[in-house]
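Undergrad: Build the full structure now, drawing on both the sequences and the hints.
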Amino acid sequence: MIRLLWLIPVLPFASALILSLIGSRLSKRLAAVIGVGSIGLSAVVTILVAIGFLAAPPAGNSYTQLLWTWIDVAGFRPKIGLYLDSLSLVMLLVITFVAFLIHVYSAEFMIEDDGYARFFAYMNLFVASMLTLLLADNLLLLYLGWEGVGLCSYLLIGFWYRDPANGRAARKAFILTRVGDTALSIGLYLLFTHLGTLDIQSLMQRASAQWPAGSSYAVVAAFLLLGGAIGKSAQLPLQVWLPDAMAGPTPVSALLHAATMVTAGVYLIARTHVLFSLAPSAQLAVAVVGACTLLLAGFSALTQHDIKRILAYSTISQIGYMFLALGVGAWQAAMFHFVTHAFFKALLFLGAGVIINALDDEHSIFRMGGLRKELPITFWTFLIAGCSLAGLPFLTAGFFSKDLIIWDSWSAPQGHALLWAAAITGALLTSLYTFRMIFRVFFGPIGIPVTKRPGYRMTIPLVVLGILSVVGGYLMGPLLEFLHSALPSTIEAHTGALTEIRSEAIAGLIFLIGLYFSYLFYVQKRNWADALVAKPLGRSLHQWWFADWGFDWIYDKVFVQPFIWASEINKNDFVDAFYIGVGWLTQWLYKQLSSTETGRVRWYAAGMAAGSVLFLAMVLFK
Amino acid sequence: MFSLGLTGLLVRRNLIFVLMSLEVMLNAAGLAFVVAGARWHQADGQVMFLFILAMAAAEVCVGLALVLEIYHRFKSLDVDELSEMRG
Amino acid sequence: MEVAFYIAGAVAVVSTALMLTRLHIVHALLYLIVSLLGVAVVFYLLGASFVAALEIIVYAGAIMVLFVFVVMMLNLGAPAAELEKHWLTPGIWVGPLVLATILIIEVLYLVRGSTASLDAAGIVTPKQVGIALFGPYLIGVELASMLLLAGVVGAYHLGYRKVEKREVQHGADTHERRASAGGDLVLAGADRSARTP
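Line by line, the protein sequences give chains A, B and C. Mapping of the first sequence onto the numbering used here: position 523 corresponds to residue 523, and the numbering continues sequentially without gaps. Mapping of the second sequence onto the numbering used here: position 59 corresponds to residue 59, and the numbering continues sequentially without gaps. Mapping of the third sequence onto the numbering used here: position 154 corresponds to residue 154, and the numbering continues sequentially without gaps.
Please note that the accuracy of each hint is not assured.
Some chain C residues close to chain B (C-beta under 10 angstroms, calculated; not the full set) [stated by the list, open to error]: (1) Ala-4; (2) Tyr-6; (3) Ala-12; (4) Met-73; (5) Pro-96; (6) Leu-103; (7) Ala-132; (8) Leu-143; (9) Leu-148; (10) Gly-151.
Worth flagging that the hints you see were computed from the coordinates, not collected in a lab. Ideal placement from N, C-alpha and C gives every residue a C-beta, glycine not left out.
TA: Right under this line is the structure:
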C-alpha cells in the first residue's frame, strides 16, 4: 500500500498535463471532473498510504521510494526520490484533503469563467508541485517543487490576466519570492559544497557530525534557508506580496495563500531542523522574525477594509506564530498549528468567497452587513472559523494549537518572556480584527442585498472544514505523539512564574477582551472607531498600519526607483554600441560592395581582365 | 592580338565594336591553338580551331540578333545604357 | 619564309589596332576583315592550310558578312560617328592599355623559354585533320553541330518576335498592349476584352 506513494504527486501532474493540452476542448463538466477527481484520487491514495504506514510502520519510521537518478555528474547524484515519514504524512493528509475540498468549491465558484479548464490545470499543477516539495527526499527536488509552486502562484494570481493590476500583483509576488529563492539556492550550494550531498537525511547526519554547534557554516546555511522560507511564507521583510496576491480568485487565496504554499517555508525549516539546532543564532532569528511579523500583520489587519486583505494579513500573522514556534524549538507545536490553521483559514477564505460572490463582487466590509440571516450556513461556519482563529477556549482547534505555541514561547529551551508577550499581544490583535470582521459583515443592518446564494458544492466544503476546525483540536495528543518520530519533542525548560494552565487562562481572557472590545466598537457604538481614527495620532497610525507599515513605500524608494533610474540612464549603453556598430559595419561594407555592381559590361570585363592578370602574375612569379 | 582585342572591348562603347573585339579575341586564341598544333606536328590544334570557329559562328548569330533586339528597345547601342542590373 | 610571316603578322596587328580606333563602323569592319586575312596567311605559312582556308571562308566570309548586314540594317550614319568621337576621349585608353600591357608582358614571360623557328613547323595536312575529327574528336563534332543548331534556333526566335512587333507598331492603344503581352495570345485576348468598350 505504501508503494502507491508515487501516485500522490503524479495524479495531479497527469491531470494538469491533460487539462493544459486538451482542456479547452473539453466541456466544463468534464474538465471539473478531471481536475477535482485527480485531487480526490490523490487524497484517497494518501489515506491508503497512511493506513499502510500506520498499520505497519517501516523501519526507522520512514519510507523512501526511489524513482530514478536525476543527475549523475562528478559525484553529484540527486535522485527523484520520495521520502515519507510522519511529518510529510501529516502534511500530505492535510494538504490533499483541503485541496480536494477547495477544488470542489471552485468547481462551482469558477463556473462562469472562460478559463475554467486553465484554472484547474494550474491548480492541479500547483498541488502536484506542492506534493513534490513535501515528498522530496533531497533538497534539489524540494527546490523543484518550490519553484513549481512559485510559478503556479504567479499563474494563478494573475489568472484574470486581462486586468493589468492582476499582472502586477502576480509579478510582485514572483519577484519577492524569487529573492527568497535566490537565498535558498545559495544555501543549497553552500550545503552541497561543504557536506557533499543534498539528500536531506544524510545531509542532517553529516551536518551534525561535521559541524559543531554554532559553527559559521551552519549559521550561514541556516540563515540562507531562512531567507528562502521568509520569501515563500511572506514573513518580514518580504511579506508585502501576500496582501496584493488577493487579486487572484478566492479559491486560489484559500489554497495557496492560506493553507499550502505559504506553509512551505515552515515545512522547510521543520525538515532541516537539525541544521537550525546547530545554529542557535539562526533559530533565534526565526523566532524574532515570527514574533515581529505576527505583531506587524496584526496591526495592519486591524485597519483593512477589504475582507480578503484582512484574511491575508491574518495569514501572515498566523504563519508568524508558526515561525515563532519553530524558532523556540517547538517543532511539533508549529506543525499542529499548521494543521489547524489550514482548516480554519481555508474555511475563512472560502466563506469570504461566498460572501463576495453573493454580494456581486463586493470586497469592503464597511459596505456589507447583516448577512447573518441571509447566508446562515456561511455565517455559522465563518463564525466557527473565526473563533478558531481567535482561540475560543476548549471548543475550537485553534485554541489548542495557538495556546501550545504561546506556552512554548515561554517555556521552551529558547523561549523568552518577550516572545511570550509578543504572542499574547498578537492573540489580542487576532481576536480584535477577527471579530471586527465578523461583526461588521454579519451583524447590523443589511448593507448590500444578496443576489446569489451558494450551491451545495460550495457549502459542503464549508461545513466539512467547519467540523474539522472544531474537532481538530482533540487530535492534539495523538498528533504530537505521531510527529515525535520525525521531530524532536519540546521539553519544558523553564517555567518560572507561569504555568501552562495560567498561560492558557490568560490567553482565554485575552480572547474575551478582544471579543468585548470588538463588540463595543463595531456593534454598539459604531462611531467610537471613527472618532478614534479622526484624531491626528489615530489617523496617522491608521494610515501607517493600513499601508503595511510603509514597507511598500520603502521598497519602492530603495529598490524600484533606483533601478528604473539606472536602466533609463543605461538605455544606450556601450554594450549596445558594440552590437549597433557591428550592424553599421555590415551596412557600410554592403554599400561599398554594391557600388561595384554598376551593371556596365565594360566594368565587368575590366574586372575579369584584372583578375586574370593578377592570377597569372601569382602563378608566374610565385 | 588578344590584348588588343581586350583593349578594344574595354574602351569602345558601341555594342557592335564590343562584339568585334570579341571576335578578335577569339581569333587570337585560335591562332595560339594552331601554332601549338603546328609546333608539335599534330592535328589537334587545327581541330580546336575548328571548334572555336563553330562556336564563334553560333555566338555571332545569337549576339547579332540580340543587338537588333536591343536597338529596337533602347534606341541606342551604347553599352553603358544597358545597366539596369546595377545595385 | 620568315619575312612573309612577320609581314603578315604585322599587317594583322596593325589593322586590328586601326580597327579599334575608327569612328565609322563600316571602316572598322573592313579593317577587321583585313586583319582576318592576315591571320589566314599566317596560318598558311605555319602549314595549316586547311585552317587558313576555313578562316577565310567562315570567319571572314560568313561571320564578317553577318556583321556587315546587321550594321547596314541598323542604319547608323553620321550621328553615330559623332557619338563615337564624343566617347573616345584620350583619357579613356589609359586603364585598358595598362591592363593589356601587363598581360602581354606576362604572356611573353611565359613563352620566353621556348624557341622554335618557323621551319621546324611541319605541314599538317587536311587529311590528318579529317582523321582526327572522325576519330578522337567525334563527340566534339556532334556537340559543335548541336551548338550551331541552338544558335540558329535562338536567332530565329529572337528575330521572329521582333518582326511581329514592328508590324503592329502603328496600331491603337489596345494593339500595343497586346504586343507587350509578349506574344502570349491568351493573355492578350483577355486584356483586349477588358479594355474594349
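Undergrad: Holds or violated: C:Tyr-6 as interface residue toward chain B, Cβ cutoff 10 angstroms?
TA: violated (14 angstroms)
Undergrad: Per the CB criterion, is C:Gly-151 less than 10 angstroms away from chain B?
TA: At 3 angstroms from the nearest chain B Cβ, C:Gly-151 passes the 10 angstroms test, so the hint holds.
Undergrad: Tell me if the interface restraint on C:Leu-148 is satisfied: Cβ within less than 10 angstroms of some Cβ in chain B.
TA: holds (5 angstroms)
Undergrad: Does C:Leu-143 pass the interface check with chain B, least Cβ-Cβ distance below 10 angstroms?
TA: Check passed: Cβ of C:Leu-143 comes within 8 angstroms of chain B, closer than 10 angstroms.
Undergrad: Please check whether C:Ala-132 passes as an interface residue: C-beta within 10 angstroms of a C-beta belonging to chain B.
TA: Holds, about 4 angstroms.
Undergrad: The hint names C:Met-73 as touching chain B; please verify it with the least Cβ-Cβ distance against 10 angstroms.
TA: Given a least distance of 7 angstroms, the restraint on C:Met-73 holds.
Undergrad: Hey, does the C:Ala-12 contact hint survive, CB to chain B under 10 angstroms?
TA: The hint holds - C:Ala-12 has a Cβ within 10 angstroms of chain B, the shortest such distance being about 7 angstroms.
Undergrad: When the nearest CB of chain B is found for C:Ala-4, is that gap smaller than 10 angstroms?
TA: violated (15 angstroms)
Undergrad: Should the hint that C:Pro-96 touches chain B count as held when the rule is a Cβ pair under 10 angstroms?
TA: Holds, because the Cβ-Cβ distance from C:Pro-96 to chain B comes to roughly 4 angstroms (cut-off 10 angstroms).
Undergrad: Under 10 angstroms, Cβ to Cβ, is where C:Leu-103 needs to be relative to chain B, so tell me if that hint holds or is violated.
TA: holds (5 angstroms)
In this structure, the hints that do not hold are numbers 1, 2, in rising order.
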